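Given the coordinates of chain A, work out where chain B should sit on it, guided by the hints.
Residue numbers (the working numbering), protein chains in the order written: chain A, 8 to 411; chain B, 359 to 653.
Honestly, the hints are just simulated from the structure, not real lab data. One or more hints might be untrue.
[What the hints assert, rightly or not] Here are some chain B residues the structure puts well away from chain A; computed CB gaps all over 12 Å:
| # | residue |
| --- | --- |
| 1 | Pro-406 |
| 2 | Gly-407 |
| 3 | Val-484 |
| 4 | Pro-489 |
| 5 | Asp-563 |
| 6 | Pro-575 |
| 7 | Ser-576 |
| 8 | Ala-580 |
| 9 | Ile-582 |
| 10 | Ala-633 |
[What the hints assert, rightly or not] Cβ pair distances, simulated, as ranges:
| # | chain 1 | residue 1 | chain 2 | residue 2 | range |
| --- | --- | --- | --- | --- | --- |
| 11 | A | Thr-89 | B | Asn-544 | 53 to 61 Å |
| 12 | B | Phe-636 | A | Ala-182 | 47 to 55 Å |
| 13 | B | Gln-513 | A | Gly-143 | 34 to 42 Å |
| 14 | B | Glu-617 | A | Gly-198 | 18 to 26 Å |
| 15 | A | Thr-89 | B | Glu-617 | 20 to 28 Å |
| 16 | A | Ala-244 | B | Val-543 | 43 to 51 Å |
| 17 | A | Pro-208 | B | Glu-430 | 37 to 45 Å |
| 18 | A | Thr-89 | B | Ser-429 | 48 to 56 Å |
| 19 | B | Pro-586 | A | Ala-142 | 46 to 54 Å |
| 20 | B | Asn-544 | A | Gly-198 | 36 to 44 Å |
| 21 | B | Val-515 | A | Ala-179 | 23 to 31 Å |
| 22 | A | Thr-406 | B | Glu-430 | 36 to 44 Å |
Quantities reported herein were computed from a predicted structural model and do not represent experimental measurements. Idealized CB from N, CA, C, for every residue including glycine.
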Amino acid sequence: MTIDRSSLRVALVVRSALPRMDLGNFGTGKSKMSKRQATPACCPRNAAALLCGLSIIGICRPSRALNGITAEGVSNYSYLRTQPVNPVQAGDIDCLNQVKKFYDTMTAAGTGWVGNKYYTDSSVLDTDFRDPDVAGSNVHDNDTNNFDDAAPDIAFACGHGTCDDALVTNCASSANCSAGDYCMANPPSGGSSRCATGSVPRKFWISSASSSLLNLVTYGDGHTKLGETSAWGGAGANGGDMVAIIANSCGVRPPFFFSETAAMYAGVTQIDMIMPVSNTAVAGSADAVVYPNRGLKLAQYAVANPNSAISGGWFNNVDTAPQTTGSSCPDVTNNYTFGGGHGIGGCGAHISMAYDSSAGFVIWDVDTMSWMSARSTANRANGLSNNYARYHCNYDCATYPFTK
Amino acid sequence: MANVSTRCALGVHCCVLVTLLGGCGPNESEPEALTRESSASSLVTSSPGEGFVHSAAHSKFRIGTTTSGRSEFGMDKIVGPEGVFATVATSGWAMAIPNSDAPSRFAGALTRSPETHNNTVREYFVGAGLPVAQIGTVNAHATMHTSSTDGDVTQPVFDSYTSVITRAIDGIPVSDSFAVAEFNVNGDVVEESVYWPTLPTSVIDDARALRTKLANPSLHAAFIAGLPDRFADGQVMIRHSSGAVGVTFQTAASYDVHERVQGGLFRVRHFDLQAHEFKMLDEELPLMPDKGTKK
Chain A
8 MTIDRSSLRV ALVVRSALPR MDLGNFGTGK SKMSKRQATP ACCPRNAAAL
58 LCGLSIIGIC RPSRALNGIT AEGVSNYSYL RTQPVNPVQA GDIDCLNQVK
108 KFYDTMTAAG TGWVGNKYYT DSSVLDTDFR DPDVAGSNVH DNDTNNFDDA
158 APDIAFACGH GTCDDALVTN CASSANCSAG DYCMANPPSG GSSRCATGSV
208 PRKFWISSAS SSLLNLVTYG DGHTKLGETS AWGGAGANGG DMVAIIANSC
258 GVRPPFFFSE TAAMYAGVTQ IDMIMPVSNT AVAGSADAVV YPNRGLKLAQ
308 YAVANPNSAI SGGWFNNVDT APQTTGSSCP DVTNNYTFGG GHGIGGCGAH
358 ISMAYDSSAG FVIWDVDTMS WMSARSTANR ANGLSNNYAR YHCNYDCATY
408 PFTK
Chain B
359 MANVSTRCAL GVHCCVLVTL LGGCGPNESE PEALTRESSA SSLVTSSPGE
409 GFVHSAAHSK FRIGTTTSGR SEFGMDKIVG PEGVFATVAT SGWAMAIPNS
459 DAPSRFAGAL TRSPETHNNT VREYFVGAGL PVAQIGTVNA HATMHTSSTD
509 GDVTQPVFDS YTSVITRAID GIPVSDSFAV AEFNVNGDVV EESVYWPTLP
559 TSVIDDARAL RTKLANPSLH AAFIAGLPDR FADGQVMIRH SSGAVGVTFQ
609 TAASYDVHER VQGGLFRVRH FDLQAHEFKM LDEELPLMPD KGTKK
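So that you can see chain A by itself, here it is in the shape it has in the complex:
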């Protein structure tokens, strides 16, 4: 079976399911073609020996099955609070539950996924997320052996971020904000809206005496490169992440989520993050909630139906989190008239994003890539010319848009 790439243009018009190759025999067990695979993948788990034989004699192209799980989470921020230079007041949070339960459930016997790197607390280093091949890198930068080593295909990170993109400028419209900034719109609120900016880099904090970068990862600055299938933007060609899931404070903010993450794409097919939206004078910024079962429920979804869309699992994660795990939208109270909660305090969303070489591919990456198809390297992104994002809100963000 051969896919004619030109046919993928149809997806520009109709968000459709593109055929792909799934490995293994979960779910339907049907063999489907990859979005860009020209020949059948060889030697998938449980494949007929004939296919493997074809691979050996070079008839069918081997497609490396990456089925690892990597997880890094920081719960203990005591070092960050007490470091001698520039201590940062960061309270302890529960990220260990999130990453461990994701890791354990995904790698349970028989799922087909295997555990790769698992680091917690002070073993999580800022350099784990930094590509040493980028010009100007720190000598200790080492994603090559950590968050984005060659093996794992799904990597999950959890830790503090910073909501310093939520400004204190009250606004009635974006005209009240500085150039390039936006006034965050909300469902009716008891307080004024406030501006948000895309000019402050998004951050991920770690807490370790072994830090080389002041315990801070500014992941949109060009030194965090995920996937690394080719030397995009100076990245190496030694990464493995197919999907990266990052749970932190104010990980991305609308409408800046593309510009805030664009530099991270170097072959990774999908990045999933938590996106707080509202910013009001009454309640301040929305933010992610420390939700211990986030990773568990995501993994439960994956093993329930491995042929389901990864983005679907990320979105379902909002709906099945308790409403009261997170305060209301937008005023951060216990009145959920307009929604809110479900793992996010205030108004927010879970977002799945991708960059790839065509409009068809990038839609497939977000909408159609399943947990099983994420195992095939043939499904990696291979360009940056197109982007696409889909998000699922904890409120009616169709009626109440992000900005005004």
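Leaving out everything else, chain B in the frame of chain A:
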């Protein structure tokens, strides 16, 4: 926990108790959209904490023709060419999850009206046996998509609504219970997930007692004074465990507060009737050594 301790094998319409709770699995061969059978709502019992187990027999999930059953990873599954209807064997958490290329995902939204979608989902689950008196709120969560050219995000496009039903007993939120569904334009359920366990009367009584206590100004003040950080804006609720595979069932009355952690992120803290802080079992910090060689 009667609803989670007794379950039928897949494809057998048999056990009386589970049938009452909508918990029997269907026959292996199902029509393309799972057939909805007679309403179970008339079988509601008088227990204030009665549970509800959603079943394939009452589901409109489009699973496709030629299904098969299997049990794996702690779940009883009905697997079809378009998706999986899985039930966590120990808890009764039921989830219908489409394959990524299932036609139902791409059929288009049922409606652009959140109220219409909410009402559709509410009627659907009540018809399947969800105790109507326990419905708390119904909220529509929107899904949108967008892209950008030259850094400018294009106008977001509406994809669909998912309606989330929360649970409340005697006005007290049971925050870990949920009934969630997305319908498409064909009237098929694209995806659904329901966890609504039976709750012991003792826990409901505890929650009522806590609410009564906090309604008394002097007792309220004493309770708040006993909290480590004097949280005054908390809420009485009933908590229970997640229902995931491997999680021991636990439920408790709680005074829950939202706290903004220094440095960002919110977290939820639980306090019992005596203002003692506690964690649910599935919130306890796990211990596991790191894995991998740090280089």
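Check each numbered hint from earlier against the structure, then list the numbers of those it violates in ascending order. Structure breaks no hint.
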